[in-house]
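Visitor: Based on the sequences and whatever the hints tell you, model everything.
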Amino acid sequence: DAGITQSPRHKVTETGTPVTLRCHQTENHRYMYWYRQDPGHGLRLIHYSYGVKDTDKGEVSDGYSVSRSKTEDFLLTLESATSSQTSVYFCAISALAGDNEQFFGPGTRLTVL
Amino acid sequence: GENVEQHPSTLSVQEGDSAVIKCTYSDSASNYFPWYKQELGKRPQLIIDIRSNVGEKKDQRIAVTLNKTAKHFSLHITETQPEDSAVYFCAASSYGQNFVFGPGTRLSVLP
Numbered sequence: 001d002a003g004i005t006q007s008p009r010h011k012v013t014e015t016g017t018p019v020t021l022r023c024h025q026t027e028n029h030r031y032m033y034w035y036r037q038d039p040g041h042g043l044r045l046i047h048y049s050y051g052v053k054d055t056d057k058g059e060v061s062d063g064y065s066v067s068r069s070k071t072e073d074f075l076l077t078l079e080s081a082t083s084s085q086t087s088v089y090f091c092a093i094s095a096l097a098g099d100n101e102q103f104f105g106p107g108t109r110l111t112v113l
Numbered sequence: 001g002e003n004v005e006q007h008p009s010t011l012s013v014q015e016g017d018s019a020v021i022k023c024t025y026s027d028s029a030s031n032y033f034p035w036y037k038q039e040l041g042k043r044p045q046l047i048i049d050i051r052s053n054v055g056e057k058k059d060q061r062i063a064v065t066l067n068k069t070a071k072h073f074s075l076h077i078t079e080t081q082p083e084d085s086a087v088y089f090c091a092a093s094s095y096g097q098n099f100v101f102g103p104g105t106r107l108s109v110l111p
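Here the protein sequences come in this chain order: A and B.
Residue 1 is where the first sequence starts when you use this note's numbering, and the numbers rise one by one after that.
Residue 1 is where the second sequence starts when you use this note's numbering, and the numbers rise one by one after that.
Hints in this document: simulated from the structure, not taken from any laboratory.
Yeah, the Cβ is synthetic: ideal placement off N, Cα and C, and Gly gets one too.
Careful, some of the hints might be misleading.
[Said to hold, decoys possible] Every beta carbon over 10 Å from chain A, so not counted as near; a handful from chain B, in silico:
hint : residue
1    : Leu11
2    : Asp27
3    : Arg61
[To be verified] Label-pair distances were calculated between CB atoms; the ranges are:
hint : chain 1 : residue 1 : chain 2 : residue 2 : range
4    : B       : Glu56     : A       : Thr20     : 40 to 50 Å
5    : A       : Pro18     : B       : Gln81     : 41 to 51 Å
6    : B       : Thr78     : A       : Ser84     : 35 to 45 Å
7    : B       : Glu5      : A       : Glu14     : 32 to 42 Å
8    : B       : Asp59     : A       : His41     : 24 to 34 Å
9    : B       : Lys71     : A       : Gly3      : 33 to 43 Å
10   : B       : Gly16     : A       : Gly40     : 28 to 38 Å
11   : B       : Thr69     : A       : Thr82     : 35 to 45 Å
12   : B       : Ala70     : A       : Thr20     : 40 to 50 Å
13   : A       : Gly40     : B       : Lys71     : 17 to 27 Å
14   : B       : Thr78     : A       : Asn100    : 22 to 32 Å
Guide: Printed below as a string of structure tokens:
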């Protein structure tokens, strides 16, 4: 597997609390992505980054924010978690833009009670 | 925006038979079409991809075909084996923007 990790791997939190998920890569890839995976929906893009401090919204960005202050780290924040954000979150990286292989992290299972 | 549909949602085949999964997309600007395999509890991994300037691509037992006019592309797996059992996702992207996945197909290869 490419050098990509996610933390935490599992988290249970309560509605209304802030949550931050971290994606860390050692590949020095320029592009990083956050997806959520829900049954029947496949993988849906939340936000992506095309460089340090350069980010853009994806298909399902409402309720999420991201930051990328270093090449290796891409943070996903749920400012006030809701039960609808219970999901498995995957980070992905790629050396080039989307028309190149994306390597996925191991995923974070988030449960919002 | 882009919309990707995928059929069937579940597919069962006998070991040794072929499996075909079909996807359609809506955005004619899409130019990159990867297929990912996800085993239970694991991360998705790329198995094959195709770009819009190519009609077909093969890699051992798997192949992908693309029909740009009809806006659909298909994954073909021949001589299926039990280890092919997984969820398969197609996706479409336009120059790195608007990367959209299909809902997935659960393939079961029966011994």
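Visitor: What are the numbers of the hints that this structure violates, sorted from low to high?
Guide: none
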